[in-house]
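For the protein sequence lines, the chains are W and Z, in the order given. Residues 1 to 161 (this note's numbering) make up the first sequence, in order. Residues 1 to 145 (this note's numbering) make up the second sequence, in order.
Just so you know, these hints were derived from the structure itself, not from any lab. Do not take every clue at face value.
Derived SDA-like pairs: lysine to any residue, alpha-carbon spacing no greater than 25 Å straight-line [to be verified]:
id, chain 1, residue 1, chain 2, residue 2
1, W, 139, W, 149
2, W, 139, Z, 22
3, Z, 64, W, 67
4, W, 139, W, 122
5, Z, 64, Z, 82
6, Z, 64, W, 149
7, Z, 64, Z, 52
8, W, 139, Z, 17
9, W, 139, Z, 11
10, Z, 64, Z, 45
11, W, 139, Z, 139
12, Z, 64, W, 62
13, Z, 64, Z, 49
14, Z, 64, W, 66
15, W, 139, Z, 12
16, W, 139, Z, 52
17, Z, 64, Z, 42
18, Z, 64, Z, 43
Okay, the calculated beta carbon distance ranges per label pair [what the hints assert, rightly or not]:
id, chain 1, residue 1, chain 2, residue 2, range
19, Z, 78, W, 141, 41 to 51 Å
20, Z, 61, W, 71, 15 to 25 Å
21, W, 159, Z, 57, 44 to 54 Å
22, W, 24, Z, 25, 23 to 33 Å
We put the CB at the ideal spot given by N, CA and C, even for glycine.
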Amino acid sequence: MQSSSIDIAATPAAKPGLRLLLLPLVILAGMGLSVEAGLLGPLGSQVGHLWATLSIFGVGSAILFLLLLFSGPQRGPALSELPRWQLIGGFLGPMYVVVLTLATPHIGIAMTMIAILSGQVGKSVLIDHFGWFGATRKKVNGERWLALLLIVAALVLIARG
Amino acid sequence: MLLAVVVAAGAVLSVQAAINGRLGETVGVLRSSLLTFVVGAVSTGLLILFFEPAHAVSLLDVPKWQLSGALFGVVYMMVMVGAVPRVGTAVATVAVIVGQLGMGMLIDNFGWLGNPAIELSGSRVLAMVLLGLALVFMYRSSSRV
């Protein structure tokens, strides 16, 4: 159910050979996300959107539980020692998955992915520009506005076509 | 309108990614993901108990491959954990989006997995080109900082 995070930042790169090897793997992982969305739409219209969502979170929980169990003790503090607000991310995931099952049968998977993307980019640009949610207000440069504009243009194009 | 709802879902998703990113740094990716999935499963289960109308078909009746969606999500997570430190966030992000949109177009065009077929039209291709340009601009604006 995860989608790509769009907060692009420069990171030190690895050897060129390794990069070339890893890149197809990452592209495949991205393709998997579309397959997941493609499975969700038809499933949701058969068994109900919430049930389809439950299948994702139920199966995902089970797999992760097993992975965690067999990967040995984890470093870092226990979940119960963390500030409560850091735990609310889990409530946001289902909203996203429910919307996926609702939307893909009507507007298609590629379109849904572009719309999600524009929401991600738009949110980060607006939060930076206006300093919402207590973020430090910083000037958003012209290129990022242009990027947002292009993505919105892409959305409009597909919505009309 | 449906499109606006999907855009909003994208915004929600990036809020979630921000919260979970911080969580993952302190307790590890496996534990933060498990937490996300368990909270997601439990809250969805509650919603189903109280609000979902009965359906003629249940999750147990559909072909098993239709339930495999979560596997792709988990594999995605593992690949990203391994690849991002080595290829960089920017490259990884663009690669994921290329994969997502390419596969999305294919599924739409051929109507795979039981989806309604949406033919690849000129405006769809143009939209892809615009999106590619947008990624270039985002990449340039962040690599200069």
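Against the structure, the hints come out as follows:
no.: 1; hint: W:139 with W:149; result: holds (17 Å)
no.: 2; hint: W:139 with Z:22; result: holds (24 Å)
no.: 3; hint: Z:64 with W:67; result: holds (22 Å)
no.: 4; hint: W:139 with W:122; result: holds (15 Å)
no.: 5; hint: Z:64 with Z:82; result: violated (29 Å)
no.: 6; hint: Z:64 with W:149; result: violated (41 Å)
no.: 7; hint: Z:64 with Z:52; result: holds (22 Å)
no.: 8; hint: W:139 with Z:17; result: holds (22 Å)
no.: 9; hint: W:139 with Z:11; result: holds (20 Å)
no.: 10; hint: Z:64 with Z:45; result: holds (20 Å)
no.: 11; hint: W:139 with Z:139; result: holds (17 Å)
no.: 12; hint: Z:64 with W:62; result: holds (16 Å)
no.: 13; hint: Z:64 with Z:49; result: holds (23 Å)
no.: 14; hint: Z:64 with W:66; result: holds (20 Å)
no.: 15; hint: W:139 with Z:12; result: holds (23 Å)
no.: 16; hint: W:139 with Z:52; result: violated (45 Å)
no.: 17; hint: Z:64 with Z:42; result: holds (22 Å)
no.: 18; hint: Z:64 with Z:43; result: holds (24 Å)
no.: 19; hint: Z:78 with W:141: 41 to 51 Å; result: violated (34 Å)
no.: 20; hint: Z:61 with W:71: 15 to 25 Å; result: violated (34 Å)
no.: 21; hint: W:159 with Z:57: 44 to 54 Å; result: violated (31 Å)
no.: 22; hint: W:24 with Z:25: 23 to 33 Å; result: holds (28 Å)
Comparing the model with each earlier hint shows violations of hints 5, 6, 16, 19, 20 and 21; every other hint is respected.
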